[in-house]
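Given chain L's structure and the hints, the job is docking chain V onto it.
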Amino acid sequence: MNQKPGVPVGAAHAWLRHRFALDAVDYPVPASASRLDFMLGGLTATALAILAVSGIVLTQFYDPSPLGAYDSVVYLATRVPATGWLRDLHVWSASAAVVLVFAHLAAVFWRGGFRRPREGLWWSGVLLLALVFGMAFTGTALRADQEAVEAVAHAVAGAQIVGAPGALLRPDFTPSSPLLTRLYAFHVSVLPLAMVALLALHLWLIRHLGVSAGGQAHVPFRSHVRLLAGFGFLLVAVVAALALALPAGLTAAGVDGYEVTKPFWPFLWVYAAENLLGMRGMLLAPGVLFGFLALVPLVDRGAPRTATATRIAGVTLLVLMIAAIVYAALAPGQRHLGMDM
Amino acid sequence: MHPRRSASKRLTTLVGLVALTVAAPLHAHEKGVLTPASRELSPGDSVRIAGARFTRRASLTLTLVGVHGSVRLGQVGTDSAGAFDVAVFVPAPTAPGAYRLVATASDGDEVAALDVVVSPPVAAHTQDTHVTAPAMAMPTGHPLALDQARGPMVTGAVVVGIVLALAAGAGLLRRPHPPL
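Top line first, the protein sequences correspond to chains L and V.
All letters in the first sequence, in the order written, are residues 1 to 341 by this note's numbering.
All letters in the second sequence, in the order written, are residues 1001 to 1180 by this note's numbering.
Honestly, the hints are just simulated from the structure, not real lab data.
Positions of the beta carbon are idealized from the N, C-alpha and C atoms, including for glycine.
It cannot be assumed that every hint is accurate.
Straight line, CA to CA, 25 Å or less: simulated SDA-like cross-link-like pairs of lysine to any residue [stated by the list, open to error]:
#	chain 1	residue 1	chain 2	residue 2
1	L	262	V	1080
2	L	262	L	169
3	L	262	L	276
4	L	262	V	1141
5	L	262	V	1138
With the Cβ distance kept under 8 Å, some of the chain V side facing chain L (calculated, not the full set) [stated by the list, open to error]:
#	residue
6	1011
7	1083
8	1147
9	1165
The following block holds chain L by itself, in its conformation from the complex (with noise of 0.2 Å):
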């Protein structure tokens, strides 16, 4: 038999390797994408799966109706050993994903990850990171705290901006389900399915358009999947010592009418163009990030001059946005519903 150096000899790895085609990962690729900068895709997928495995374990405890939801949540922190520092861990793993995945989106789109033939690459990616927003929104949501209750007025009122399209969001969509238990069935299974397929498609898109790194293939991918396990274990001991030392808040329980709180960081930049442009912001902000996202691909082919007007464009978006988390964090809090603060 003809054994690969370095690889261990045995019954059941050969087992393994040959039912499980696990040879298919020893295709070759460039030394540099070993580095870090390469990694973080599938730090970000390492940080979903802290998520849905402690969001597994939460739902047991969980009671996603108006009356119970709050209590529960208090229940699960304050009364079950474990429990607790679970949803710390959910709550960090959450603000490590939102990180990553925008350090990401940087890396990818610095190196021109998005050109041809990379382009359903890119969207694909850019759905993602919507999807990981709204399982960051619908998060929020369901802590039935003060904080969440507003962040759902504020979806509410941004719902009925735009119409049909955010009929799903308005509490009168039907009397049969409250809002609250819509959302936490999109939390728990219409985004995290719409993740998976597009995760799918994401590798797949990888697999047989290779990665963007330069130079010569001849790492094998296992080696690169090897120094990613070697940044997840990392990365999973990082955000659990920040569950350890940094416990997740929680308001008081919600109530409507009120305008007290500010949204989970992610949605900082959001709220300070609600700041400065009302509620009209709310979509707008957004509006231009992911349009522009979304256009990059079709702007920029390439060429030198747009491929600098496409860099000073987005390097602005990101430093706008940091700068926008910036403000909101220290500015005081401002009524955007016309509620009582």
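Showing chain V alone in chain L's frame:
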């Protein structure tokens, strides 16, 4: 005895024992059905609860079980048909929220359960039909100081997990690239 026949006999005995162990508690009490007049209970008010298909002439305890704790509603006796129909009082201090209405037998076995909701107390109505926010503390954006139930066992297990994850990560990152 033939070894295969002996093994088969042992297996049959084991299956029989497992079946008996599983089946015995199932037949300890008849599982009944609870039917409250309403599944939305009001604190400080009474509610009629009917029960059927329980063990005949048995004593059952009705309890509300929720994240706020348990609230004992009372004890009822089933008739010769295994049924009952009583009015129980929901204590006024019962916290609003989702509960399970549980019927337990005298030995503590749960014999029926049903999801119910205890609704918040209704605000005092005035002549003015426009009722403003109920009397409660003004909401704030400040996080609560949650008293976590995390004990030293959980903290220790997490710390061990973190150390193992760090070691595994460092170990994987330090291994050289295998050749293609």
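To see whether the hints hold, each was checked on the structure:
1. With a C-alpha separation of about 61 Å, the suggested pairing of residue 262 of chain L with residue 1080 of chain V is violated against the 25 Å cut-off.
2. Taking the CA atoms of residue 262 of chain L and residue 169 of chain L, the gap is about 20 Å. The hint holds against a cut of 25 Å.
3. A hinted pair counts as satisfied when its Cα atoms are at most 25 Å apart, and residue 262 of chain L with residue 276 of chain L qualifies at roughly 15 Å.
4. Of the supplied pair hints, the one linking residue 262 of chain L and residue 1141 of chain V holds, its CA atoms being roughly 8 Å apart against a limit of 25 Å.
5. For the hint pairing residue 262 of chain L with residue 1138 of chain V, the CA-to-CA distance comes to about 16 Å; that is within 25 Å, so the pair holds.
6. Contact between residue 1011 of chain V and chain L, as hinted, is not supported at the beta carbon level, the nearest pair being about 28 Å apart and thus beyond 8 Å.
7. Hint on residue 1083 of chain V is violated. Least Cβ distance to chain L is approximately 30 Å, over the 8 Å limit.
8. A hinted interface residue such as residue 1147 of chain V counts as satisfied when its beta carbon comes closer than 8 Å to some beta carbon of chain L; here the least separation is about 6 Å, so the hint holds.
9. Hint status for residue 1165 of chain V: holds, given a least beta-carbon distance of 4 Å to chain L, under 8 Å.
Going through the hint list in order, the structure does not satisfy hints 1, 6, 7.
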